[in-house]
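For the record, the sequence lines run as chains A and V.
If you count the first sequence from 1, position 41 lands on 49 in my numbering, and the numbers rise without skipping.
If you count the second sequence from 1, position 30 lands on 47 in my numbering, and the numbers rise without skipping.
Just so you know, the hints here were simulated from the structure itself, not pulled from any lab data.
Fair warning: there could be bad hints in the mix.
[Unchecked claim] Straight-line Cα separation of at most 25 Å, BS3-like style, residue types lysine-lysine; simulated pairs:
1) 243/V - 12/A
2) 111/A - 226/V
3) 200/V - 55/A
4) 77/V - 64/A
5) 77/V - 197/V
6) 134/A - 200/V
7) 139/V - 55/A
8) 229/V - 111/A
9) 134/A - 226/V
10) 197/V - 103/A
[Unchecked claim] Pair ranges (Cβ atoms, derived):
11) 12/A - 162/V: 58 to 68 Å
12) 52/A - 186/V: 49 to 59 Å
13) 106/V - 119/A: 35 to 45 Å
14) 49/V - 131/A: 45 to 55 Å
15) 37/A - 49/V: 50 to 60 Å
16) 112/A - 232/V: 19 to 29 Å
17) 120/A - 67/V: 22 to 32 Å
18) 177/V - 112/A: 38 to 48 Å
Because the structure is a prediction, the values reported are computed rather than measured.
Beta carbons are placed, not taken as given, at the ideal position from N, Cα and C, and that holds for glycine.
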Amino acid sequence: MSSKYRFLVHDIFQSQLDDFIESHSKSLKSLVSQIQSAVSDPLHSGKPLSGVQNSKLRGCIRRYHVSGRRGFRLICLIVNSSRKVVLGIFLSGNKRPSINYNKIPWEQYATEIYNDLINSRMDRFKEYRIAD
Amino acid sequence: MKQETQRKSSCAIPAEIFRRIFLYTIIGEFADGVYGAKRLQKIAYVSERGKGIIKPFTYKKYYYGQYSEQVQDTNEQLLSLGFVKTFPLNTIRKTTITIDDDTYEGIEQGNGYKISDQEMLKTCESIVSKAQPQLMRATKKAIRDHGYKKEQDLIDYCYGLKEFKAKDEDEIILESNLPKWVKTPDLSNDKCDELILSFTPSFIDFTNKIVKGFEKTTINWNKVDKVVLKV
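Sequences and hints are given; from them, build the entire structure.
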């Protein structure tokens, strides 16, 4: 469907997704359903991260629950609404984890992904589609 | 509001996030912002110095009194997140500060700090009040009693504190005893997670850079591998 967004994942986060699919097969249905809602209507699905002061980012960081509120966390970023791309940027490996996001090397990830983007290395991204 | 979002449980936030939330609360408690970094340092110190109160920051004895590198770093993080804005103090002042009978003269032109999100202040205030009620009470008292004093009076007060007099320059006056994770009663796990993310500058910078990267590139979809997810 042309109105749908595309769901992209960079190599860095690919392993999170792969591990999840392998380890939590019972929650796969819920993950797929959340990705589906993210690509169908990203601006009205999940929960926007509140308190974001940068106007460009406001409403673009969306949080989803996989397997319910006591389940896993999926974080997506609407990178460009005109190009209709949703980027998966985090998927927790445990249920209801206490995550110290400060310990994740975001700066290093940002540099790597940014460099891939500006050097057109799109082969470092994968597009996930949901089977009919 | 969905019933689910009202479900509360106890969760915990990392110490560095609590420090940001606490400092944000101090700045927000000032009616029209904090006049200067020195004042912010002193009020944070006075808030924490009481017995039995959890101490988010470590302070050393410096030339200008009680100083915490952690307070400065945390304030910079809040500025980078956009939660705190600076405003120029509208006077370039000649200052004269008297310390132990020695008089120092200087010119002061600093920044004031104010918060930009009243909703977030309510949330942060509630977290500090519930997680560390004594600290919140002490903070309100410190601001009420000392927050609006003339600078010299505030410095005189801080220099007069016995624990300050007892130390040599560069020595620790007050050491942080904040646990690695701070329990936050009555905060849902989901809200907790959201706050941690919102108060993590590296995460916000990350998302900003990625958005910029996508703005600068043309996506060649032929180069993007497709994966089909099946349930």
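Hint by hint, here is what the structure shows:
no., hint, in the structure
1, 243/V - 12/A, "holds (16 Å)"
2, 111/A - 226/V, "holds (18 Å)"
3, 200/V - 55/A, "holds (24 Å)"
4, 77/V - 64/A, "violated (40 Å)"
5, 77/V - 197/V, "holds (21 Å)"
6, 134/A - 200/V, "violated (39 Å)"
7, 139/V - 55/A, "holds (20 Å)"
8, 229/V - 111/A, "holds (23 Å)"
9, 134/A - 226/V, "holds (19 Å)"
10, 197/V - 103/A, "holds (21 Å)"
11, 12/A - 162/V: 58 to 68 Å, "holds (59 Å)"
12, 52/A - 186/V: 49 to 59 Å, "holds (58 Å)"
13, 106/V - 119/A: 35 to 45 Å, "holds (37 Å)"
14, 49/V - 131/A: 45 to 55 Å, "holds (54 Å)"
15, 37/A - 49/V: 50 to 60 Å, "holds (53 Å)"
16, 112/A - 232/V: 19 to 29 Å, "holds (24 Å)"
17, 120/A - 67/V: 22 to 32 Å, "violated (47 Å)"
18, 177/V - 112/A: 38 to 48 Å, "holds (45 Å)"
Violated hints for the displayed structure, listed by number in ascending order: 4, 6, 17.
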